[in-house]
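Novice: The residues making up each chain are set out below.
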Amino acid sequence: MSVYLLGLNHRTAGVAVRERLHFSVDDGLRAAEALRREGLVEEVVVLSTCNRSEVYSVAERAAAEVEGGVERHFCSFHSIEPAQLNGCLYRRRDRDAVEHLYRVAAGLDSMLLGEAEILGQVRETYLAAQRAGLTGPILNRLFQAGLEVGKRVRAETRLGAQAMSVASAAMKLAEQIFGALKHNSAAVLGAGAMGGKAAQQLKARGIGGLWVASRTAEHGREMAARVGAQWAPWEKSAELLAQVDIVVTSVAGSEWTLTREALAAAMHARGNRRMFLIDLGVPRNIDPAAAELYNVFLYGVDDLEEIVQQNRQAREGEVPHAEAIVREHVEKFAAWQSGANAVNALAELRQKLRLQREYFTDARSEELARFSAEERERILRMMDDLVEELLREPSERLMKDREVRERAVLLRDLFGLNAPDSSRRGGRGGA
Amino acid sequence: MTLSFTTMGYATAALYMASLACYLRKLFAEGKWAGRAATMLLAAGLTTHYLALLERAFSIHSVPYQDLYGSTSLLAWFLVLTYLALELIHGERAMGAFILPLVLLLLGLDFVVAPQAAPQAPARGSIFALHVTSNILAYSAFTLSFVYSVVYLVQDRLLRGRRPVAMMWRLPPLEDLEQMTRSGVWVGLAGLVVGISFGMIVDRRLTGALLQPDPKVVISFLILGFYVVYLSLSRSPAWRGARASVVCVVSYCAVIFSYTVVNLFLSRFHRFY
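Protein chains in written order, with the numbering used here: chain A, 1 to 431; chain B, 1 to 273.
Hints listed in this document are in silico derivations from the structure and should not be mistaken for laboratory results. Note that beta-carbon positions come from the ideal geometry of N, C-alpha and C, so glycine has one too. Hints are not guaranteed to be accurate.
[As the list claims (entries may be wrong)] Example chain A residues on the side facing chain B (calculated, C-beta under 10 Å, incomplete):
| hint | residue |
| --- | --- |
| 1 | Ala16 |
| 2 | Ala180 |
| 3 | Gly271 |
| 4 | Leu298 |
[Unchecked claim] Pairwise CB distance ranges, derived in the manner of DEER restraints:
| hint | chain 1 | residue 1 | chain 2 | residue 2 | range |
| --- | --- | --- | --- | --- | --- |
| 5 | A | Tyr90 | B | Phe28 | 33 to 41 Å |
| 6 | A | Ala289 | B | Val229 | 27 to 35 Å |
| 7 | B | Val154 | A | Arg93 | 48 to 56 Å |
| 8 | B | Gly225 | A | Gly271 | 33 to 41 Å |
| 9 | B | Ala166 | A | Lys151 | 18 to 26 Å |
| 10 | A | Glu222 | B | Ala85 | 44 to 52 Å |
| 11 | B | Phe28 | A | Asn86 | 44 to 52 Å |
| 12 | B | Ala166 | A | Ala116 | 16 to 24 Å |
[What the hints assert, rightly or not] Calculated Cβ distances over 12 Å to all of chain A for the following chain B residues:
| hint | residue |
| --- | --- |
| 13 | Pro101 |
| 14 | Ala129 |
| 15 | Leu130 |
| 16 | Leu224 |
| 17 | Tyr259 |
Whenever a hint applies, use it, and build me the whole structure from the sequences.
Specialist: Below, the structure is given as structure tokens:
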């Protein structure tokens with residue numbers, strides 16, 4: 001039994017191709033069931049996220065047959081010619097396929113290094129496949145270990161920690177100033193994309209109150225409705241400043257939206273309570289001199305970009321640690337799989353030898369007829385004991401020695417264990 | 001017998017060190033288990049520390065505040081007690097890594113330079129013991145407020161500097177630091193007021209007067225005044241934030257002065273016998 005992977009991701013295919021080859025959870029299950037119905041694979045899971053579409057399968061057939069068959073299904077499901085995917089698809093087998101899944105679960109293969117969402121997607125996909133009966137002992141083991149790898153990487157490294165985008169870096173800073181934001185309020189001035197992201201982040205972090213003001217009232221209202229904030233007329237911005245603790249500006253224009261004087265007046269009106277100003281405008285919206293005001297914390301896009309950069313470097317510094325966890329689990333899986341393979345091979349060999357003994361005695365039934373029933377029984381028992389005795393030492397060595405386990409798959413080739421009717425060849429004249 | 005040379009003393013030091021290791025782990029590598037383990041180890045250390053102090057109290061038949069070494073150990077115990085209470089109230093564990101080195105330093109004094117035998121204490125009654133222990137509780141709470149204020153000033157500087165360093169993300173938020181400082185000061189003021197009140201009772205019993213204006217009494221009232229001013233300023237528009245934290249740090253200088261110079265060199269003016 002081998003583990004196969006066929007897929008494409010953000011490194012090998014553009015977003016247009018990825019969108020076209022995306023599987024919803026239900027599509028993935030249907031595609032997987034079709035593959036299994038054809039008898040091509042024994043176990044199969046289709047993992048599809050915005051950054052990847054991958055088919056993990058376990059099959060006993062020859063590699064070329066499995067890989068070709070899975071690719072054919074993959075393409076026909078999406079009505080696309082294989083030639084159109086030239087260079088987009090990658091294939092991995094056994095150890096490489098295992099390592100790939102573990103890297104995916106750990107967030108090492110994500111576009112956003114260490115992203116948290118992928119682990120949930122892997123879990124959801126696996127559980128759906130398991131419920132549909134598409135997994136077996138090997139993929140169960142593989143995906144369960146993959147989920148453990150993901151959890152360990154997030155618990156033991158800082159790969160999945162801290163903020164990554166400019167907006168989330170700003171929110172982290174806000175939390176360093178105010179703590180939990182549920183007792184604070186914020187205003188977003190400007191209804192642009194950056195302002196929208198900041199408003200969403202503020203909402204997601206449970207900000208106590210959120211207002212949106214825009215020069216174009218319609219845009220402001222629309223964004224306020226979208227993020228669940230209150231709309232405020234642009235003319236009331238100065239009043240808002242005196243009330244809110246966090247101000248995000250993302251306004252187009254070459255003049256200061258917030259001058260030092262306006263902010264000084266706002267600080268006076270709010271009794272110098274701390275105020276965090278996030279200037280996401282390019283060119284800047286807030287007079288940099290406002291940073292000199294007491295209890296004002298002013299951050300611009302460049303400052304936030306630097307935090308994002310520091311964060312990225314810190315995450316990258318954690319990659320070797322995460323890779324080590326992945327390697328450790330790949331080794332564990334390989335050891336488990338070679339052990340399982342060896343035990344299976346030995347069990348099949350035992351079964352084959354017993355069948356051969358039966359054919360052997362059947363073929364010599366006339367010769368055995370001259371013995372009494374009791375004697376025949378003893379002879380057969382002795383032959384069974386001989387089979388067990390022959391297999392005892394190999395069994396013990398398999399349990400003890402990892403290298404022997406890894407080579408044990410050769411038993412299949414030596415004894416032709418994969419051939420369905422191979423056991424018949426052991427009879428008289430069977431050769 | 002000093003605290004340091006008892007089994008409980010060694011156990012206390014070991015538990016505090018293990019707790020510090022966990023607090024540092026929590027500070028630099030995160031992880032929930034490290035924070036929980038740190039708190040549990042600290043609570044265990046607090047218990048063994050209490051038993052060690054009790055052992056010492058039995059041997060000298062008094063609360064162990066008779067010499068600088070005994071009182072530093074008591075101060076360390078109150079410091080841990082107050083810190084643990086504030087940690088539970090505010091749910092903030094990052095400061096353990098800053099408080100415990102101070103606690104270990106105070107214990108270290110007891111370990112390194114303590115005399116082998118503590119002086120036998122003259123019997124002065126339970127009111128006097130409460131007077132001293134309340135004051136030591138106040139000093140420990142003021143010490144906590146001092147540490148919180150210093151960390152506040154560091155964090156404020158880092159955040160306003162707009163050149164964030166890794167440490168900035170590990171320190172508590174400014175808002176929490178300010179609240180914890182105020183909590184510490186409130187505990188300190190309560191301890192000091194109770195301590196002074198008990199002192200007045202003892203004084204009245206011995207001399208008939210409510211207050212003897214000796215250096216210790218004067219500095220205690222000065223400390224009281226400083227911290228009342230701090231509490232008032234910390235909510236005023238012009239001073240709230242970093243400026244109030246500077247006031248808290250300056251106020252602590254008076255505590256240090258009282259605990260060292262006044263206690264060591266001017267204590268002969270402040271005797272209740």
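Novice: Run every hint past the structure and note whether it holds.
Specialist: We went through each hint and held it up to the structure:
With its C-beta approaching chain B no nearer than about 38 Å, alanine 16/A sits outside the 10 Å limit, and its interface hint is violated. About 8 Å separates the beta-carbon of alanine 180/A from the nearest beta-carbon of chain B, less than 10 Å, and the hint is met. Given the 10 Å rule on beta carbons, the hint for glycine 271/A holds: about 4 Å separates it from the nearest Cβ of chain B. A cut of 10 Å between beta carbons decides the hint on leucine 298/A: the least distance to chain B is about 8 Å, and the hint holds.
A hinted range of 33 to 41 Å holds for the C-beta pair tyrosine 90/A and phenylalanine 28/B, which are about 38 Å apart. A hinted range of 27 to 35 Å holds for the C-beta pair alanine 289/A and valine 229/B, which are about 32 Å apart. Judged by the Cβ atoms, the range 48 to 56 Å given for valine 154/B and arginine 93/A holds: they are separated by roughly 54 Å. Evaluation of the 33 to 41 Å hint for glycine 225/B and glycine 271/A yields a failure: the beta carbon distance comes to about 24 Å.
The given range of 18 to 26 Å is respected by alanine 166/B and lysine 151/A, whose C-beta atoms sit roughly 24 Å from each other. The beta-carbon spacing between glutamate 222/A and alanine 85/B, approximately 49 Å, falls within the hinted interval of 44 to 52 Å. Hint check: phenylalanine 28/B to asparagine 86/A, Cβ distance near 48 Å, so the stated range 44 to 52 Å holds. With their beta carbons about 21 Å apart, alanine 166/B and alanine 116/A fall inside the hinted range of 16 to 24 Å.
The Cβ of proline 101/B lies farther than 12 Å from every Cβ of chain A, with a closest approach of about 23 Å, so its non-interface assignment holds. For alanine 129/B, the condition that its CB be more than 12 Å from all CB atoms of chain A holds, with the nearest at approximately 39 Å. The claim that leucine 130/B lies off the interface holds: its Cβ sits roughly 36 Å from the closest Cβ of chain A, which is beyond the 12 Å cut-off. Consistency note on leucine 224/B: stated as away from chain A, and its beta-carbon is indeed over 12 Å from all of that chain's, at 26 Å minimum.
The beta carbon of tyrosine 259/B is kept farther than 12 Å from every beta carbon of chain A, the shortest such distance being approximately 32 Å.
Comparing the model with each earlier hint shows violations of hints 1, 8; every other hint is respected.
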